[in-house]
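J.: Sequence:
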Amino acid sequence: MSTRIAAMGQTMRKAPKQARSRATVDAIVEAGTQVLGRRGWAGFTTNEVAEAAGVSIGSLYQYFPNKLSLIEALRRRHFDDVLGVLQAASEDGRPLEESVGSLVQGMLAVHGSHPALHRALLEETPRSEETRSAHDAFDAQYLQHYKAIVATHRTRRGARRNDIAAQVVSAAIEGVVHHAALNGLLDSPALKKELVLLVCAYVRAP
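Reminder that position 84 of the sequence shown reads as 374 in this note's numbering, one-by-one numbering, no gaps.
These are calculated hints, taken from the structure and not from any lab test.
We treat Cβ as the ideally placed atom computed from N, Cα and C, and that holds for glycine.
It is possible that part of the hints are untrue.
Stated by the list, open to error - Subject to a maximum C-alpha distance of 20 Å in a straight line, what follows is the list of computed EDC-like cross-link-like pairs (lysine to aspartate or glutamate):
id : residue 1 : residue 2
1  : Lys-357   : Glu-387
2  : Lys-437   : Glu-419
3  : Lys-437   : Asp-477
4  : Lys-482   : Glu-388
5  : Lys-357   : Glu-381
6  : Lys-357   : Glu-320
To be verified - Here are the computed distance ranges between Cβ atoms for each label pair:
id : residue 1 : residue 2 : range
7  : Gly-402   : Glu-381   : 18 to 26 Å
8  : Leu-358   : Thr-445   : 40 to 48 Å
9  : Glu-381   : Tyr-351   : 39 to 47 Å
10 : Glu-413   : Glu-381   : 15 to 23 Å
11 : Pro-496   : Ser-418   : 43 to 51 Å
12 : Leu-412   : Gly-374   : 14 to 22 Å
13 : Leu-412   : Asn-337   : 21 to 29 Å
14 : Ala-313   : Ala-399   : 19 to 27 Å
Generate coordinates for the entire structure from the input sequences, incorporating the hints supplied.
T.: Structure follows, in structure tokens:
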């Protein structure tokens, strides 16, 4: 299953084709992630992003025509990072503790790199029809990976019950990870251990 929501080029003025231009776009997106996490939507400016990326504002506008197109690129990269973690954790043949441990550690790492980014993307930045479409596609793939983990390890079989169980597991991990991000606990080994125990116990419950 692909972990890409949609080609980033759909949100851009032009798609980078050469290695140098791809590196420029990557630098802009990384800088945008840092600025949005630090400033929030209210303080987010393309001038500051360009400065942080080490490029001219003209170079930024070659690829991103406005702030919203850049925000969309940040959102899709975050989606891709999360789906990459889920895909690795849902690979067949892994013991439950290993799969859940990989998933929890990956989610903590994704949110730990820029703790404030997720809140800004979800709660502050404007959304368009294209944004909602990308989010719907993300949600579908997101839950599909959780369903794969549940179906592999859950003793109580049944597609309907597994669908509900996947939503419970995903909500539990989301809630704990987001709470940890808000309270500076993303690096806590104890929190990771307890979350893994929680999910494994639930999935194995007779």
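J.: So, for every hint listed, does it hold in this structure?
T.: Against the structure, the hints:
| no. | hint | verdict |
| --- | --- | --- |
| 1 | Lys-357 <-> Glu-387 | violated (42 Å) |
| 2 | Lys-437 <-> Glu-419 | violated (27 Å) |
| 3 | Lys-437 <-> Asp-477 | violated (27 Å) |
| 4 | Lys-482 <-> Glu-388 | holds (13 Å) |
| 5 | Lys-357 <-> Glu-381 | violated (37 Å) |
| 6 | Lys-357 <-> Glu-320 | holds (14 Å) |
| 7 | Gly-402 <-> Glu-381: 18 to 26 Å | holds (23 Å) |
| 8 | Leu-358 <-> Thr-445: 40 to 48 Å | holds (47 Å) |
| 9 | Glu-381 <-> Tyr-351: 39 to 47 Å | holds (41 Å) |
| 10 | Glu-413 <-> Glu-381: 15 to 23 Å | violated (33 Å) |
| 11 | Pro-496 <-> Ser-418: 43 to 51 Å | holds (46 Å) |
| 12 | Leu-412 <-> Gly-374: 14 to 22 Å | holds (19 Å) |
| 13 | Leu-412 <-> Asn-337: 21 to 29 Å | holds (25 Å) |
| 14 | Ala-313 <-> Ala-399: 19 to 27 Å | holds (23 Å) |
The structure is inconsistent with the numbered hints 1, 2, 3, 5, 10, although it conforms to all the rest.
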